[in-house]
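Given these sequences and hints, build the entire structure.
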Amino acid sequence: MDNLIIEGTRQTPEINFDVESGILKLEGRSIPENTFEFFTPVLNWLDAYVNSSPDKIVAKINLEYFNTSSSKYILEILKKLKVFKVEGTEVLVEWYYEEDDEEMMETGEDYEDVSGLPFEIISFEEE
Amino acid sequence: MGGQSIYQNELDNLEQSKEFLKRNDYSQMELQLEFKKLVENYEELVDQVKIITKISDRLQKKLNKTNDALESSNNQLAELNNQLNETIDQLTEAKIGRRASTIVLFIAIGLFVISEVLLEPIIDDMFKDNAFVGLALKLVVAILIKPGEDFANKYMLKQARKKQMEEQKEKRADKKVNKKVKKKRKIL
Numbered sequence: 134m135d136n137l138i139i140e141g142t143r144q145t146p147e148i149n150f151d152v153e154s155g156i157l158k159l160e161g162r163s164i165p166e167n168t169f170e171f172f173t174p175v176l177n178w179l180d181a182y183v184n185s186s187p188d189k190i191v192a193k194i195n196l197e198y199f200n201t202s203s204s205k206y207i208l209e210i211l212k213k214l215k216v217f218k219v220e221g222t223e224v225l226v227e228w229y230y231e232e233d234d235e236e237m238m239e240t241g242e243d244y245e246d247v248s249g250l251p252f253e254i255i256s257f258e259e260e
Numbered sequence: 101m102g103g104q105s106i107y108q109n110e111l112d113n114l115e116q117s118k119e120f121l122k123r124n125d126y127s128q129m130e131l132q133l134e135f136k137k138l139v140e141n142y143e144e145l146v147d148q149v150k151i152i153t154k155i156s157d158r159l160q161k162k163l164n165k166t167n168d169a170l171e172s173s174n175n176q177l178a179e180l181n182n183q184l185n186e187t188i189d190q191l192t193e194a195k196i197g198r199r200a201s202t203i204v205l206f207i208a209i210g211l212f213v214i215s216e217v218l219l220e221p222i223i224d225d226m227f228k229d230n231a232f233v234g235l236a237l238k239l240v241v242a243i244l245i246k247p248g249e250d251f252a253n254k255y256m257l258k259q260a261r262k263k264q265m266e267e268q269k270e271k272r273a274d275k276k277v278n279k280k281v282k283k284k285r286k287i288l
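Note that the protein sequences, when read in sequence, are chains A and B.
Residues in the first sequence are numbered from 134 upward in steps of one, following my numbering.
Residues in the second sequence are numbered from 101 upward in steps of one, following my numbering.
Think of the hints as simulated: they come from the structure by calculation, not from any bench.
A virtual CB, placed ideally from N, CA and C, is assigned to each residue, including glycine.
Watch out, some of these pointers could steer you wrong.
[To be verified] Reference listing, derived: stretches of chain B covered by chain A, where coverage requires no fewer than 3 residues with Cβ under 8 Å from a Cβ of chain A: (1) 144-151; (2) 238-244.
[Said to hold, decoys possible] Computed Cβ-Cβ distance ranges for the label pairs, DEER-style: (3) B:R199 with A:E140: 57 to 67 Å; (4) A:E166 with B:T153: 20 to 30 Å; (5) A:Q144 with B:K276: 20 to 30 Å; (6) B:E144 with A:E259: 18 to 28 Å; (7) A:E231 with B:L133: 16 to 26 Å; (8) B:L191 with A:E259: 35 to 45 Å; (9) A:E166 with B:S173: 25 to 35 Å; (10) A:N167 with B:T153: 19 to 29 Å; (11) B:D147 with A:M134: 23 to 33 Å; (12) B:Q128 with A:L225: 37 to 47 Å; (13) A:G141 with B:S173: 20 to 30 Å; (14) B:K269 with A:E140: 50 to 60 Å; (15) B:V139 with A:G141: 34 to 44 Å; (16) B:E134 with A:E140: 26 to 36 Å.
Here is the structure:
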């Protein structure tokens with residue numbers, strides 16, 4: 134199975150899902166014109182990855198801003214990660230936010246509540 | 101909604117329930133199971149709507165905050181720009197004032213020399229008995245120095261502003277051309 138790598142743009146996040154290490158990175162801004170088109174390959178990749186039965190998955194999510202439909206897809210990604218957990222994979226979600234970005238921190242907390250996955254909410258200094 | 105929708109799963113579930121309703125041969129047990137499935141899906145959808153709405157509102161707030169910060173920065177920038185323009189104007193005025201004073205001083209010296217060398221002998225010849233005429237002429241020249249300086253100052257300032265406006269016009273025209281070029285590049 135191949136890694137999933139999608140270059141980030143001004144409207145779409147960078148995606149780097151590594152089969153070997155189990156590190157799934159989602160970084161940047163997510164305001165695609167067509168969220169379905171952008172996220173469908175991501176969800177399909179996760180569906181296929183379940184069959185690899187990885188020991189551990191660390192999802193590193195560092196988003197500056199995302200639109201409403203992206204928020205639905207992030208929820209879908211977390212639901213897929215829940216499937217991994219049910220299948221016996223150790224799953225950790227690292228949710229990154231800029232230290233002054235209260236909104237993004239609270240959003241991470243909301244996703245933690247609704248997904249039932251272990252989260253680490255991590256702040257970092259503005260560049 | 102067609103085949104491509106972010107709510108594809110939910111639409112599929114709805115379609116399945118509709119198909120089930122079209123059947124007339126379901127048992128009580130099947131009906132109960134279908135209803136249970138429908139309630140579960142509905143519950144999940146409500147949870148999703150709640151969380152998505154909450155997140156969306158919060159990110160809207162973040163966007164508003166960013167817009168406010170941007171507006172405030174723009175205002176500060178505009179204020180600083182005004183201050184800069186005022187300072188530039190003051191500097192230009194001072195520079196032009198100094199230049200006008202120098203020019204008028206040279207003209208006054210010129211007039212003084214002319215009156216001493218050329219006019220004085222003529223006046224002395226014409227008004228031998230009256231020494232005040234020559235003095236009055238010099239007095240007129242001296243009195244004219246200040247209004248002359250003001251006039252020169254105003255004229256030069258007017259010219260400088262005209263030049264400034266023309267430069268700004270050229271800059272705006274250049275900007276427009278650059279924008280058009282960028283647009284064309286984007287299209288290509």
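Worksheet item: Which numbered hints turn out to be false for this structure?
Response: Hints 2, 6, 7, 14, 16 not satisfied by this model.
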